[in-house]
Amino acid sequence: MNLLKYIFTGFFFGIVLTKCEAVSWYRIYEMFQFQSFHMYGIIGVAVVTGVIGIQVIKRKKMKDIDGLPIEILDKEKGSIRYWIGGLIFGLGWALVGACPGPIFILIGAGFMSVGLILIGALIGTFLYGVLKDKLPH
Amino acid sequence: MEIITHTWHWSVSGFLIGMVMLLLIYFGKTFGMSSNLRSLCAMTGVGRYVPFFNWDWKSQRWNLAVVFGAMVGGFVAVHFLSDSSNVAINPDTITQLSVFGIEAPNGNIAPRSMFGAEAFQSPKMIFILLTGGILIGFGSRYAGGCTSGHAISGLSNLQLPSLKAVIGFFVGGLIMAHFIFPLLF
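Line by line, the protein sequences give chains B and Y.
Going by numbering that gives the first Met the number 0, the residue at position 26 of the first sequence is 25; the numbering climbs one at a time, nothing skipped.
Going by numbering that gives the first Met the number 0, the residue at position 4 of the second sequence is 3; the numbering climbs one at a time, nothing skipped.
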C-alpha cells in the first residue's frame, strides 16, 4: 500500500487547518461565544463543497483511484448515541479547544501539553470500548 | 508571502477542507480523524481483552499516515508560515478571556498558559487537559465520529445521524463555554 499520497494529503490538511486557525483554542472559544463568523464560515463552506462534490460523484457514478465504483456508506441509524455522544464530545471540544485532527496537528506544531489531551482521548476511547455493550445506542 | 502567512480566509479554507474530504473519497477512503484513536488503542494489543479493539487496525494505516502528515503540516505552518498578525480574534473575546487570566493571542494559535510547558506545572491544568481529552475520546467513539467524520463527511453526505451528532457537539460546546468554563477559571 502506497502511503505517500496519504502523508501528502495529511500534510496539506495540517497546513490548511493551522492557517485558517481551526486548530486554535482561541477560535473555538470565540465561536462558542458567537463573537465571530470565521469558524462557522469554514465549516459551512467545507460542507457546501462536500455536498456538491458528493452529488457529482454519485450522479456521474465516478470511479476511485483504483477504478472501483465509489461507495459512500450511510451512517448507522439511531438517535441516543448521536445526541449523547455528540454532547459529551462537545463538552470536551469547548473545554480544550481541540478535536481529534487538531490534537495531532498541535502536537506536531510543538504544543507539548496537548499530549495530555491525546492521552485523555485514548483513555476515553478505551473506556468506550469497555462500556460499549452497556450503553444505549 | 503575506497571502500565505496571514490568516487564511474562511471561504478558501472551507473549500480546501471540503476538497481534502473529497480527495480521500477518491482514494476509496473516508475522512474521519477520531478513528485513529481506536487504531492507536488497538495497536497496543488490548483487543485480546476488549473486543471493540479487536479489529484490523492495519487496514487503517492509511489514516495514521494522514495524521502523521498533518502533524508535519502543523509544524511547518506554525514555524514557517505564520506571522504576528495571526489569530486576530474579536476584541470582546480578548477582554472576556482576560477576566479568566488567559492572555491575548498576539499571533499564537493557543494560549501559552494552557498549552505551553507551564501547563505541566499546574495540577489544575493537567486535570483540565486530561478531562477534556477523555470527553473527546469517549464522546467521539460513542457518537461514531468527530468534527471531521460527522460535521464534514456526514453532513456532506446528507446524513441525518450526523446532523444529530453535530447538534449534540454544539449543545455540549455551548454548555461548556457558557456555564462550566466560567466556573473552572
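Treat the hints as calculated values from the structure; they're not laboratory data.
Each residue gets a CB set at the ideal place from its N, CA and C atoms; glycine is no exception.
Warning: the hint list may mix true and false statements.
Unchecked claim - Only part of the chain Y face toward chain B is listed, based on derived beta-carbon distances under 7 Å:
hint	residue
1	F26
2	L36
3	S58
4	A69
5	A87
6	I88
7	P90
8	I133
9	C145
10	L154
11	Q158
12	M175
13	P181
14	F184
Hints, one by one, checked against the model:
With 7 Å as the threshold, the beta carbon of Y:F26 comes within range of chain B, its nearest partner Cβ sitting at about 5 Å, so the hint holds. Given the 7 Å rule on beta carbons, the hint for Y:L36 holds: about 4 Å separates it from the nearest Cβ of chain B. Because the beta carbon of Y:S58 sits about 9 Å from the nearest beta carbon in chain B, more than 7 Å, this interface hint is broken. Taking 7 Å as the C-beta cut-off, the interface hint given for Y:A69 holds, the closest approach to chain B being about 4 Å.
With 7 Å as the threshold, the beta carbon of Y:A87 stays out of range of chain B, its nearest partner Cβ sitting at about 9 Å, so the hint is violated. Because the closest C-beta pair between Y:I88 and chain B is about 5 Å apart, less than 7 Å, the hint holds. Taking 7 Å as the C-beta cut-off, the interface hint given for Y:P90 is violated, the closest approach to chain B being about 9 Å. Look at Y:I133: its Cβ gets to within about 4 Å of chain B, closer than 7 Å, so that hint holds up.
The interface hint given for Y:C145 is met, as the beta carbon of that residue sits about 5 Å from the closest beta carbon of chain B, less than 7 Å. Nearest Cβ of chain B to the Cβ of Y:L154: about 5 Å, under the 7 Å cut. The hint holds. Because the closest C-beta pair between Y:Q158 and chain B is about 5 Å apart, less than 7 Å, the hint holds. Contact between Y:M175 and chain B, as hinted, is supported at the beta carbon level, the nearest pair being about 4 Å apart and thus within 7 Å.
For Y:P181, the shortest C-beta to C-beta distance to chain B is roughly 11 Å, which exceeds 7 Å, and the interface hint is violated. Among the interface hints, the one on Y:F184 is violated; its C-beta lies about 11 Å from the nearest C-beta in chain B, farther than the 7 Å criterion.
Hint compliance for this structure: hints 3, 5, 7, 13, 14 are broken, all remaining hints hold.
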